[in-house]
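J.: Sequence:
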Amino acid sequence: MRIITALLIVFVCFTSINAVPTPHNSASVGDFAKTVLMPGDPMRSKFIAEKYLENPVCVNDVRGIQGYTGTYKGKRISVMASGMGIPSASIYSYELFNFYGVENIIRVGSIGSLSDKIGLKDIIIADRLFSDIDFSRFYPNISDDAYKCSELLLEKAVSIAKEQNLKLFVGPVYTTLFFYDDSKLSSKYASQGALGVEMEAAALYCNAYLAGKNALAICTVSDIPGTDEELPSKEREQGFSKMVELALEIACQLED
Numbered sequence: 445m446r447i448i449t450a451l452l453i454v455f456v457c458f459t460s461i462n463a464v465p466t467p468h469n470s471a472s473v474g475d476f477a478k479t480v481l482m483p484g485d486p487m488r489s490k491f492i493a494e495k496y497l498e499n500p501v502c503v504n505d506v507r508g509i510q511g512y513t514g515t516y517k518g519k520r521i522s523v524m525a526s527g528m529g530i531p532s533a534s535i536y537s538y539e540l541f542n543f544y545g546v547e548n549i550i551r552v553g554s555i556g557s558l559s560d561k562i563g564l565k566d567i568i569i570a571d572r573l574f575s576d577i578d579f580s581r582f583y584p585n586i587s588d589d590a591y592k593c594s595e596l597l598l599e600k601a602v603s604i605a606k607e608q609n610l611k612l613f614v615g616p617v618y619t620t621l622f623f624y625d626d627s628k629l630s631s632k633y634a635s636q637g638a639l640g641v642e643m644e645a646a647a648l649y650c651n652a653y654l655a656g657k658n659a660l661a662i663c664t665v666s667d668i669p670g671t672d673e674e675l676p677s678k679e680r681e682q683g684f685s686k687m688v689e690l691a692l693e694i695a696c697q698l699e700d
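The sequence shown begins at 445 in this note's numbering and counts up one residue at a time.
These are computed hints drawn from the structure, not numbers from a lab. None of these values were measured; they are calculated from a predicted model. Be a bit skeptical, because a hint or two may be false.
Stated by the list, open to error - Within a straight-line C-alpha distance of at most 27 Å, the following computed DSS-like cross-link-like pairs (lysine-lysine) qualify:
no.: 1; residue 1: K495; residue 2: K478
no.: 2; residue 1: K495; residue 2: K686
no.: 3; residue 1: K519; residue 2: K686
Please build the complete structure, drawing on both the sequences and the hints.
T.: This is how it looks when you write it as structure tokens:
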């Protein structure tokens with residue numbers, strides 16, 4: 445009897461943990477496409493859906509984190525915001541990978557440049573990451589590979605960019621917990637080769653690694669930390685067309 449009771453408890457816990465909708469996502473299974481573009485800003489999610497997708501349907505708006513599914517060049521594609529920072533990105537990417545059957549997430553976000561060779565509106569792809577958080581403290585089975593992007597998605601991004609004569613900077617990126625970098629850790633990681641600093645990619649890459657899925661962070665430079673150079677919020681929301689179009693082309697190839 446005790447064994448049966450224990451099994452029932454495990455079953456209830458398991459099904460409640462994996463049930464959809466979730467506390468953060470009102471979508472049903474099947475509402476998301478296999479590939480999801482993931483900006484941080486919910487308004488950028490809405491803008492991408494309305495500007496680029498045909499017949500976009502809003503499948504989630506819980507807490508204002510908007511998710512849409514539509515088609516682009518005949519391919520079914522979704523866009524879903526992550527919110528700001530590692531904790532928020534961790535929740536949404538985890539649920540998409542593990543509850544909604546998503547196979548590929550492409551972050552289309554903003555980033556601060558840490559290189560004097562990379563300026564405003566330039567595009568950086570994170571092939572690997574430095575981070576404030578040591579995820580191995582929480583996931584003992586994680587390895588250094590968890591901080592690397594999907595080789596499949598990176599290869600497609602570089603190939604498409606070459607066809608479009610689009611300039612990319614590919615290299616390590618620093619994911620921080622802190623927008624205001626009083627600790628000067630950005631300078632430390634810049635000296636180790638980090639091209640830029642952002643706040644979400646480490647959560648995305650580690651969740652992809654643990655789920656056996658694909659992730660890539662494509663980011664447009666929105667500011668130069670330590671200077672007055674920065675883009676206004678409206679341009680961050682609507683002015684990153686080259687990055688978004690690159691991600692959409694990758695998504696189309698994944699649907700072939």
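J.: Hint numbers the structure violates, sorted upward?
T.: Per hint list: zero violations.
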